[in-house]
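Starting from the known structure of chain B, arrange chains U and D on it as the hints suggest.
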Amino acid sequence: MTDPDALAALESRVAALTRQVARLEDAHAVKSLQYKYGYYIDKCLYDEAVTLFCDSGEVRFLNGIYRGRTGIRRLYCDWFRKYFTGGVNGPRRGLMLDHLMLQDIVDVAEDGLTAKGRFRCLLQGGCHESMRESIPNFPRQFWESGIYENIYVKEDGVWKVKRLDYNMLWQADYDQGWANSGVHLTPMTRTYPTDPNGPDELLPEAPKTWPEARVVPFHYPHPVTGKRWGEP
Amino acid sequence: MTDPDALAALESRVAALTRQVARLEDAHAVKSLQYKYGYYIDKCLYDEAVTLFCDSGEVRFLNGIYRGRTGIRRLYCDWFRKYFTGGVNGPRRGLMLDHLMLQDIVDVAEDGLTAKGRFRCLLQGGCHESMRESIPNFPRQFWESGIYENIYVKEDGVWKVKRLDYNMLWQADYDQGWANSGVHLTPMTRTYPTDPNGPDELLPEAPKTWPEARVVPFHYPHPVTGKRWGEP
Amino acid sequence: MTDPDALAALESRVAALTRQVARLEDAHAVKSLQYKYGYYIDKCLYDEAVTLFCDSGEVRFLNGIYRGRTGIRRLYCDWFRKYFTGGVNGPRRGLMLDHLMLQDIVDVAEDGLTAKGRFRCLLQGGCHESMRESIPNFPRQFWESGIYENIYVKEDGVWKVKRLDYNMLWQADYDQGWANSGVHLTPMTRTYPTDPNGPDELLPEAPKTWPEARVVPFHYPHPVTGKRWGEP
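Residue numbers (numbering that gives the first Met the number 0), protein chains in the order written: chain B, 0 to 231; chain U, 0 to 231; chain D, 0 to 231.
One or more of the hints may lead you astray.
[Stated by the list, open to error] Capping the alpha-carbon separation at 25 Å, the derived lysine-lysine pairs in BS3-like fashion look like this:
| hint | chain 1 | residue 1 | chain 2 | residue 2 |
| --- | --- | --- | --- | --- |
| 1 | B | K226 | U | K207 |
| 2 | U | K115 | U | K81 |
| 3 | B | K115 | U | K81 |
| 4 | D | K226 | B | K153 |
| 5 | B | K115 | B | K207 |
| 6 | D | K159 | U | K226 |
| 7 | B | K153 | U | K207 |
| 8 | U | K115 | D | K207 |
| 9 | U | K153 | U | K81 |
| 10 | B | K81 | D | K207 |
| 11 | D | K226 | B | K159 |
| 12 | B | K161 | B | K207 |
| 13 | U | K226 | D | K153 |
| 14 | B | K226 | U | K226 |
| 15 | D | K159 | B | K159 |
| 16 | D | K207 | D | K115 |
| 17 | D | K161 | D | K207 |
| 18 | B | K161 | B | K115 |
| 19 | B | K207 | U | K81 |
| 20 | D | K81 | B | K161 |
| 21 | U | K207 | D | K81 |
| 22 | B | K81 | B | K115 |
| 23 | D | K161 | U | K226 |
| 24 | U | K115 | U | K207 |
| 25 | B | K115 | B | K159 |
[As the list claims (entries may be wrong)] Short, incomplete list of chain D residues facing chain U, as computed with Cβ under 8 Å:
| hint | residue |
| --- | --- |
| 26 | P3 |
| 27 | I40 |
| 28 | L101 |
| 29 | G111 |
| 30 | K115 |
| 31 | H127 |
| 32 | E128 |
| 33 | S129 |
| 34 | R131 |
| 35 | S133 |
| 36 | I134 |
| 37 | N136 |
FYI, nobody ran anything at the bench for these hints, they're computed from the structure. Keep in mind that this is a model prediction, so the values were computed, not measured. Glycine residues also receive a C-beta, built at the ideal position from the N, C-alpha and C atoms.
So here's chain B without its partners, still in its complex pose (with noise of 0.2 Å):
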């Protein structure tokens, strides 16, 4: 090989690792902006939260869709917050919310513009004893479990959200373990603005919740026999 052939050969293989590298520096930056996210939540940062998302992303919570920065800000801004904290973006005195990420999984599309993730999270919720006012219909002390699956988008060179998909699948009284409890979430009824704090659209139909069970749809084929799910 002349030293022009030997220099363009070199010069393809650098362009593939510069490829190879930038995805494993944007499943990073994916993983980490999920983990984030958990933060956040835990501690009611809803400003934070939505500001993670891009212009278009949207939310999908229970058996509603949450669309654009508006229906974004709805979610969490007019529903949880003034739920939670009383309008306050930040913790509560004797409020207990964290929501613990795990369990990641990122892939990145080729071209490095778009990922999906499939997260786990696990949620210790309630209220303190000793909180003077109480949260109306939430429960004492409960676990919540559920599963994200997750779009993300890069938009000048920064990772957004751009669909939140949280499978809540069960929840439990403390007291009573997951035995003895459903769930105390129950699928909305009405979107916006009939209900103000309603998403903009139903799913046709409400996703199962315990003691029902049900595969969420991984967003991979299975790593070793290639084949998608729900693939015959």
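Just chains U and D now, with coordinates in the frame of chain B:
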């Protein structure tokens, strides 16, 4: 340095980088493989779990070794699947078997053909009170915790589980907690085919479980001193 | 572009890639370091834990700062080890101290010499009812949760803990749950040597714990807006 020398030097740096990047991609793939195992097992997707193994794979469970595809299918598809779901490959209403996977330590061999991984598993198990038929000898609701020290192998570019070594350390009845519970799973006493669900081999000694305490040997040396576990 | 220019351009790209790959390897190493700390601490392997620190390391625990190798050994080997295992370096029958580490956010400095990491820890602690000698003032069984915001340093190519800053946020008696529990660990009032297990320094103010709520400052800026935590 003349151009050809400079080119050769650069080629060698690119070759080194190529290996490093491949090892980073391998580590990501191995972690994802194990986390995917956890998501499959949550939902009794045993067909999906067993195909994560290589042909010569094995599972160490309690004091038994299940060998090869036949042994692994005996454990997951003959034993677990019949026991938990009556033979259905998928989740069962009212059955809780969440396998939370976390705290990954993955080390890939220099040649990129094998890897070792340590993971923690926290299990939330049980049956909902509304289940009509109870699962014999399965506790109503419990916690379980264990440490994996696994071996992985890359075959034709695909990472597979070579040895899944699950060290169950404790189980606790949900109502009683770990202070007042021992484990409900007991060591096996017979191999296959005497026990139709039995392992191919029994370990010489059953690993100790709660309230006994033991260190699951670390596959990695101490990251600062470099001392291997068990070295004097 | 002539060949020498093309070669120089490629060399510069390879140099950039080399730095990027090193940072990815660093992030992997730092995460593993912290997760290994968790596995050692689970099993009262205090000698293994203290050698994860650099000579000028420190630990922030409750409202105390333990400084340098001497201070760190005082905390782990003089205080904890004597208290939990009667001085044995290793697990004790009937003692539960699982430190679940998760939700890693690791950021490595450009020069690859320091790093910061945020981690969540969920602790399952207690003593089995069959333990003959109880541990004074140690609760029967409890949950604990905290956030680490740590600093790491690379010395001679080896990552070490520079500052372990553990922010214990809540503890809950297992039977009562977090709705009905406060923390059992209380702030320290005296430094070493007045208190033989005491820290080298007390923080000006004891960090708030449950049912008080606080945000552990984030070492990273908001990943989308770029705003640093605490900035107006």
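Hint check:
1. K226(B) <-> K207(U): violated (39 Å)
2. K115(U) <-> K81(U): Judged against 25 Å, a Cα distance of about 31 Å means the pair is violated.
3. K115(B) <-> K81(U): Violated, at about 34 Å.
4. K226(D) <-> K153(B): holds (18 Å)
5. K115(B) <-> K207(B): Satisfied, since the Cα-Cα distance of roughly 23 Å is no more than 25 Å.
6. K159(D) <-> K226(U): holds (15 Å)
7. K153(B) <-> K207(U): Violated. K153(B) to K207(U) sits at ~49 Å, over the 25 Å cutoff.
8. K115(U) <-> K207(D): violated (40 Å)
9. K153(U) <-> K81(U): violated (31 Å)
10. K81(B) <-> K207(D): Since the Cα atoms of K81(B) and K207(D) sit roughly 24 Å apart, the hinted pair holds (cutoff 25 Å).
11. K226(D) <-> K159(B): holds (15 Å)
12. K161(B) <-> K207(B): holds (24 Å)
13. K226(U) <-> K153(D): OK: K226(U) and K153(D) at ~18 Å, within 25 Å.
14. K226(B) <-> K226(U): Distance of about 42 Å is beyond 25 Å: violated.
15. K159(D) <-> K159(B): violated (32 Å)
16. K207(D) <-> K115(D): The hint holds at about 23 Å.
17. K161(D) <-> K207(D): With Cα atoms ~24 Å apart, K161(D) and K207(D) stay inside 25 Å; holds.
18. K161(B) <-> K115(B): holds (10 Å)
19. K207(B) <-> K81(U): holds (24 Å)
20. K81(D) <-> K161(B): Roughly 51 Å between the alpha carbons, so the hint for K81(D) and K161(B) is violated.
21. K207(U) <-> K81(D): Holds, at roughly 24 Å.
22. K81(B) <-> K115(B): violated (31 Å)
23. K161(D) <-> K226(U): holds (20 Å)
24. K115(U) <-> K207(U): Distance ~23 Å between K115(U) and K207(U) Cα, so the pair holds.
25. K115(B) <-> K159(B): holds (11 Å)
26. P3: holds (7 Å)
27. I40: Hint violated; I40(D) Cβ to chain U Cβ min 12 Å, cut 8 Å.
28. L101: holds (5 Å)
29. G111: This interface hint is violated because 14 Å lies over the 8 Å limit.
30. K115: violated (18 Å)
31. H127: holds (4 Å)
32. E128: holds (5 Å)
33. S129: holds (6 Å)
34. R131: Result: violated, 11 Å to nearest chain U Cβ.
35. S133: At about 11 Å, which exceeds the 8 Å cut-off, the nearest Cβ of chain U leaves the hint on S133(D) violated.
36. I134: With a closest approach of 12 Å, the I134(D) hint is violated.
37. N136: violated (15 Å)
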